[in-house]
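Kindly generate the complete structure, drawing on both the sequences and the hints.
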Amino acid sequence: MKVGAHVSTAGGLENGLIRAQAIGASCIQIFSSAPNQWKSSTHTREEKMMFHESCVMSQVSPVFVHAPYLINLASDNPDLLEKSVEAMKKDLEFCHDIGALGAVVHFGSFIGGWSAKREELTKRVRSILDETPSDATLFIENCARAGGKIGSTVEELAMMKDDVSSMRLKFCIDTAHAFVSGYDLRDLQKCKEYVDSIGQKIGWENVGLIHLNDSKADFDNGRDNHENIGDGKIGLAGLSNFVKLLPSDLPLILEVPGIESDGPDRENIERSKNYFNSIEIAV
Numbered sequence: 001m002k003v004g005a006h007v008s009t010a011g012g013l014e015n016g017l018i019r020a021q022a023i024g025a026s027c028i029q030i031f032s033s034a035p036n037q038w039k040s041s042t043h044t045r046e047e048k049m050m051f052h053e054s055c056v057m058s059q060v061s062p063v064f065v066h067a068p069y070l071i072n073l074a075s076d077n078p079d080l081l082e083k084s085v086e087a088m089k090k091d092l093e094f095c096h097d098i099g100a101l102g103a104v105v106h107f108g109s110f111i112g113g114w115s116a117k118r119e120e121l122t123k124r125v126r127s128i129l130d131e132t133p134s135d136a137t138l139f140i141e142n143c144a145r146a147g148g149k150i151g152s153t154v155e156e157l158a159m160m161k162d163d164v165s166s167m168r169l170k171f172c173i174d175t176a177h178a179f180v181s182g183y184d185l186r187d188l189q190k191c192k193e194y195v196d197s198i199g200q201k202i203g204w205e206n207v208g209l210i211h212l213n214d215s216k217a218d219f220d221n222g223r224d225n226h227e228n229i230g231d232g233k234i235g236l237a238g239l240s241n242f243v244k245l246l247p248s249d250l251p252l253i254l255e256v257p258g259i260e261s262d263g264p265d266r267e268n269i270e271r272s273k274n275y276f277n278s279i280e281i282a283v
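Taking my numbering, I'd label the letters of the sequence shown as residues 1 to 283.
Errors might be hidden in some of the hints.
[As the list claims (entries may be wrong)] Pairs of lysine-lysine, BS3-like flavour, derived with a Cα cap of 27 Å: (1) K2 to K83; (2) K89 to K117; (3) K233 to K190; (4) K48 to K2; (5) K117 to K90; (6) K117 to K83; (7) K39 to K2; (8) K216 to K244; (9) K273 to K216; (10) K48 to K192; (11) K39 to K90; (12) K233 to K192; (13) K2 to K273; (14) K190 to K216; (15) K161 to K123; (16) K48 to K90; (17) K216 to K233; (18) K190 to K123; (19) K89 to K161; (20) K201 to K117; (21) K89 to K48; (22) K123 to K83; (23) K39 to K123; (24) K161 to K190; (25) K273 to K123; (26) K201 to K2.
[What the hints assert, rightly or not] Restraint ranges, calculated between C-beta atoms of paired labels, are given here: (27) E255 to S61: 38 to 48 Å; (28) K117 to S58: 39 to 49 Å; (29) K190 to N15: 37 to 47 Å; (30) G203 to T42: 34 to 44 Å; (31) G12 to E270: 25 to 35 Å; (32) E255 to K39: 13 to 23 Å; (33) E46 to G148: 13 to 23 Å; (34) P133 to E53: 29 to 39 Å.
Hints listed in this document are in silico derivations from the structure and should not be mistaken for laboratory results. Ideal placement from N, C-alpha and C gives every residue a C-beta, glycine not left out.
If you want it as structure tokens, here you go:
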């Protein structure tokens, strides 16, 4: 089981790989540009090619890109929607350029959820996929349940999968988001029911990665607030309940604050590798 992290590429793409290797990450996730701005990636073609080659040589794989937080693919605001669609397309093109498996996105929010704009949203996602490189996958992440956000339940993610019906649409499951959305990973039976539900309604073959995060926020309160591995409300026991039920080939990406509040670090990577690689997992 590969354990990796979201790493900063400040100063250049190569620095992201250097940081990943420094903390012992086996796989990585990066931003293509500042996550809270609409500004597109300024990385040169040569820089992107070099990053791809370095990742291959170092065997840090797979690589994922996280889309900007500003994106709302369900917005009724024409300007925001246009920017969101263009940003999503650019990130999928960026994935192609650097050899990343795909881009992870928080789909956005709309009161009433996916079902309220089902036909419109289905066409929008299909259009994005049709207009971007075929080797870049769009991973929709389960969100923390709050403010009309789309994708907090297994049922809604399954509806998205069935409606879009594309091999290029897959999913990312975040443990902290699941926990604050009412899925209690601390209870082994309830955790198993959650994992089984994903398998039955979405299919684990349609899940490409796990965001392995503990939670500062309490169970079922809807707040998205990550904590270091084992230090939060889910705890090592709760996270292990989940991990041991997973397919063994799913990469785990950490998005935790870090011991020194500098982002994912070697301590969190080591905690995860030492603890979760010692438990028996599903095949």
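### Task
List in ascending order the numbers of the hints, as given earlier, that are violated by the structure.
1, 7, 10, 18, 25, 27, 33 and 34
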